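Chains as they are written, first to last, in the working numbering: chain S, 1 to 333; chain H, 1 to 333.
Quick caveat, the hints were computed from the structure, so don't treat them as lab data.
Among the hints, a few may not be true.
A few chain H residues that don't get close to chain S, going by computed Cβ distances all over 12 Å [claimed, not checked]:
1. 49
2. 109
3. 172
4. 234
5. 289
6. 324
Subject to a maximum C-alpha distance of 27 Å in a straight line, what follows is the list of computed DSSO-like cross-link-like pairs (lysine-lysine) [to be verified]:
7. S/67 to H/311
8. H/29 to S/29
9. S/94 to H/94
10. S/280 to H/67
11. S/94 to H/29
12. S/38 to H/94
13. H/67 to S/94
14. S/67 to S/94
15. S/172 to S/195
16. S/38 to H/29
17. H/257 to S/67
Derived Cβ-Cβ restraints for the label pairs, each shown as a range [as the list claims (entries may be wrong)]:
18. H/170 to S/204: 36 to 42 Å
19. H/29 to S/27: 43 to 49 Å
20. H/172 to S/169: 34 to 40 Å
21. H/27 to S/199: 32 to 38 Å
22. H/309 to S/250: 26 to 32 Å
23. S/96 to H/70: 44 to 50 Å
24. S/7 to H/3: 27 to 33 Å
25. S/11 to H/175: 24 to 30 Å
26. S/68 to H/169: 53 to 59 Å
27. H/6 to S/6: 51 to 57 Å
28. S/7 to H/309: 37 to 43 Å
29. H/290 to S/205: 45 to 51 Å
30. S/248 to H/68: 51 to 57 Å
Keep in mind it's a predicted model, so treat the numbers as computed, not measured.
C-beta: ideal position from N, C-alpha, C; glycine also.
Protein chains: 2
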Amino acid sequence: MWRYADLLPVDGEPTDGTHTGFTPLVRAKNLADALGIKELYIKDDTVCHPTFSFKDRVVAVALSKAKEFGFDTVSCASTGNLANAVAAHAAIAKLNCFIFIPADLEVGKVVASLVYGPTVVRITGNYDDVNRLCSEIGGIYPWAFVNINIRPFYAEGSKTLCFELIEQLGWKAPAHIVAPAAGGSLVTKIGKALKEFHILGLIDKPNTKIHPVRPNTIAKSLAIGNPADGIYAVDTVRNSGGVGEHATDIEIVDAIKLIASTEGIFTETAGGVTLAVAKKLIENGHIGPDEPTVLAITGNGLKTVEALENKTDISHIIAPQLNAFRKLMTEVD
Amino acid sequence: MWRYADLLPVDGEPTDGTHTGFTPLVRAKNLADALGIKELYIKDDTVCHPTFSFKDRVVAVALSKAKEFGFDTVSCASTGNLANAVAAHAAIAKLNCFIFIPADLEVGKVVASLVYGPTVVRITGNYDDVNRLCSEIGGIYPWAFVNINIRPFYAEGSKTLCFELIEQLGWKAPAHIVAPAAGGSLVTKIGKALKEFHILGLIDKPNTKIHPVRPNTIAKSLAIGNPADGIYAVDTVRNSGGVGEHATDIEIVDAIKLIASTEGIFTETAGGVTLAVAKKLIENGHIGPDEPTVLAITGNGLKTVEALENKTDISHIIAPQLNAFRKLMTEVD
């Protein structure tokens, strides 16, 4: 992602996130067929990041900046992905690290923070409670809270997702980008990235509609009541002509299975929301069948297996004997 | 990985694994310091693969070949990672897919196969039982079992891990490669890759010692009693002057935490074994402090969180109040 360093708020050489970014843009032919659209792409941020979500992008900028400012301790309020990223990048950078998360997070995401060795503090409350507490702590302890007191730098990292997909499309903006909105900063920065590339003359004036997606559901990483960049996200979406949509739990799980069974990509619940909503936007005509569309799939399904556990188990159990398998085959037919 | 197509057994254009391979070779400075060695690298196959393990390499070759042969159904016996890879790649290629696994596998690995939509058959037995049953089934059903009847093609995919790390080292072979040995094919093919690059004049005669690692423990992906390529692996190791080692459960968990807390890389249990053994080889002088060494970290920790669940939980739970946090800080100090 640091190929775009000139457009990111770091002075001098970036010191974090060497192996972050430039994730694949997958031409999703099977999925496009299933949805009845001609040109569909997945910006696959489930892979090629150290902690398998787009949060590695924002943390790469935040920690480079925190070190420039001379902080020795980094911290964050998180629903999981950000915690994983901050903990991992802090370990590499040898910074002290405090992670604040809601107490009820998915086990995979908690273990995937603890393993890097930070101090993890679980808060008996929702994400908004965690966030408020961190603001208070930030007033007392001289720490870099990546998504609070150094948020303006952090958020700029999101632009790289959009920079990359434009480069990968041959320096063209798509007609639609569907992206998850939790705090709202990704959606806001996609808008900013489009604008910057246009100002620099790298692309024509973009006519891209940005569609934010939100659930209130099993997708814990999006369940934020008081989004930090909410107002800017709304502006960005409105100015682009995009529309917001939501998805139910059943639609989310179905979408996770659809993207896996057509494109071999295992997304976390947030990506399920993104696809479920894209499907609706295609069905109701907001996305036309001839309009190039990019889905931002921002996190990895291995972190939220709980969401699928009782919804995919159609496996069969048999003894290790050929006759048992023959019998199963006659039953399955 | 298809940059090395000329050295892989496919005719014509490969049709699978477009987004597989060329994983990072990380210069592991923090970890090297911790181990008392100068030049240590991690070949990080936990990232940049569709299903986050080196099995995507072998499956990319196997499925390209299966399609060349005209198979419409692919299958495998697996301890998890291979199942994930076959299921995902089969979905992309629109092939029918049967997955055979031991019934007691980690939940994450089972869900991470089911999500792609294959038929999953869980066998009440160990991996050797599963493997034997698959050989029998392969005698009756006209399916491509990637690690059985088309194994010779499949196994060649492992060479790409070694090709890549040599290219990434500037076309030089390291003094040591430490790699996990389950069926033994990775270790065998590392030896073959070194030889091929030498024959082609791409590197000097390699003087690389290959060290296989094996546990009999929580690392289920390595717990194979009757390794298919065992004899060849032994030959490869012996000819290179390498030594085999094993690790205990506690050593594995400690090593998983060490690599995470120094390099921000979250490995599955097999990678824990690799590091634990490397540590011993350094301590007992088999790996000298000045000898460039590569650790093959072949799978992702998110698939085996169970192994860590009660061993990393040093998190604290507090109410969302500043006073609660102040109190915690005095207790932690």
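Status of the hints after comparison with the structure:
1. For residue 49 of chain H, the condition that its CB be more than 12 Å from all CB atoms of chain S is violated, with the nearest at approximately 7 Å.
2. At roughly 9 Å, the least C-beta separation between residue 109 of chain H and chain S is not larger than 12 Å, which violates its mark as non-interface.
3. For residue 172 of chain H, the condition that its CB be more than 12 Å from all CB atoms of chain S holds, with the nearest at approximately 21 Å.
4. Separation of residue 234 of chain H from chain S is adequate, the least Cβ-Cβ distance of about 27 Å exceeding the 12 Å criterion.
5. Chain S leaves residue 289 of chain H outside its interface by the beta-carbon criterion, the shortest separation being 22 Å against a cut-off of 12 Å.
6. With a closest Cβ-Cβ approach of about 8 Å to chain S, residue 324 of chain H is found to fall inside the 12 Å limit, against its non-interface label.
7. With a CA separation close to 31 Å, the supplied pair residue 67 of chain S and residue 311 of chain H exceeds the 27 Å bound.
8. For the hint linking residue 29 of chain H to residue 29 of chain S, the alpha-carbon distance of about 42 Å lies beyond 27 Å, and the restraint is violated.
9. A hinted pair counts as satisfied when its Cα atoms are at most 27 Å apart, and residue 94 of chain S with residue 94 of chain H does not qualify at roughly 45 Å.
10. Between residue 280 of chain S and residue 67 of chain H the alpha-carbon distance is near 35 Å, which puts this suggested pair outside the 27 Å criterion.
11. With a C-alpha separation of about 11 Å, the suggested pair residue 94 of chain S and residue 29 of chain H falls inside the 27 Å cut-off, and the hint holds.
12. Between residue 38 of chain S and residue 94 of chain H the alpha-carbon distance is near 19 Å, which keeps this suggested pair within the 27 Å criterion.
13. The hinted pair formed by residue 67 of chain H and residue 94 of chain S fails the criterion: a straight-line CA distance of about 48 Å is larger than 27 Å.
14. Proposed proximity of residue 67 of chain S and residue 94 of chain S is supported: the alpha carbons are some 11 Å apart, at most 27 Å.
15. Distance hint between residue 172 of chain S and residue 195 of chain S is fulfilled; the C-alpha atoms sit about 13 Å from each other, no more than 27 Å.
16. At most 27 Å may separate the alpha-carbon atoms for a hinted pair to count; residue 38 of chain S and residue 29 of chain H exceed this at roughly 47 Å.
17. Proximity of residue 257 of chain H to residue 67 of chain S is assessed by CA-CA distance (about 24 Å); at most 27 Å being required, the pair is judged to hold.
18. Between residue 170 of chain H and residue 204 of chain S the C-beta distance comes to about 41 Å, which sits within the given range of 36 to 42 Å.
19. A beta carbon spacing of about 38 Å between residue 29 of chain H and residue 27 of chain S contradicts the range 43 to 49 Å that was offered as a hint.
20. For the pair residue 172 of chain H and residue 169 of chain S, the supplied restraint of 34 to 40 Å holds, since their beta-carbon distance comes to about 37 Å.
21. Checked against the hint of 32 to 38 Å, the pair residue 27 of chain H and residue 199 of chain S passes, with Cβ atoms roughly 37 Å apart.
22. In this structure the supplied range 26 to 32 Å holds for residue 309 of chain H paired with residue 250 of chain S, their Cβ-Cβ distance being about 29 Å.
23. Between residue 96 of chain S and residue 70 of chain H the Cβ separation comes to about 58 Å, which falls outside the hinted range of 44 to 50 Å.
24. Distance hint check: the CB atoms of residue 7 of chain S and residue 3 of chain H are about 30 Å apart, consistent with the given range 27 to 33 Å.
25. At about 39 Å, the beta-carbon gap between residue 11 of chain S and residue 175 of chain H misses the expected band of 24 to 30 Å.
26. Range check, residue 68 of chain S to residue 169 of chain H: about 31 Å between beta-carbon atoms, so the 53 to 59 Å window is missed.
27. At about 38 Å, the beta-carbon gap between residue 6 of chain H and residue 6 of chain S misses the expected band of 51 to 57 Å.
28. With their beta carbons about 41 Å apart, residue 7 of chain S and residue 309 of chain H fall inside the hinted range of 37 to 43 Å.
29. Against the hinted window of 45 to 51 Å, the Cβ-Cβ separation of residue 290 of chain H and residue 205 of chain S comes to about 58 Å, which falls outside the hint.
30. In this structure, residue 248 of chain S and residue 68 of chain H break the distance hint of 51 to 57 Å, their C-beta atoms being roughly 43 Å apart.
Hint compliance for this structure: hints 1, 2, 6, 7, 8, 9, 10, 13, 16, 19, 23, 25, 26, 27, 29, 30 are broken, all remaining hints hold.
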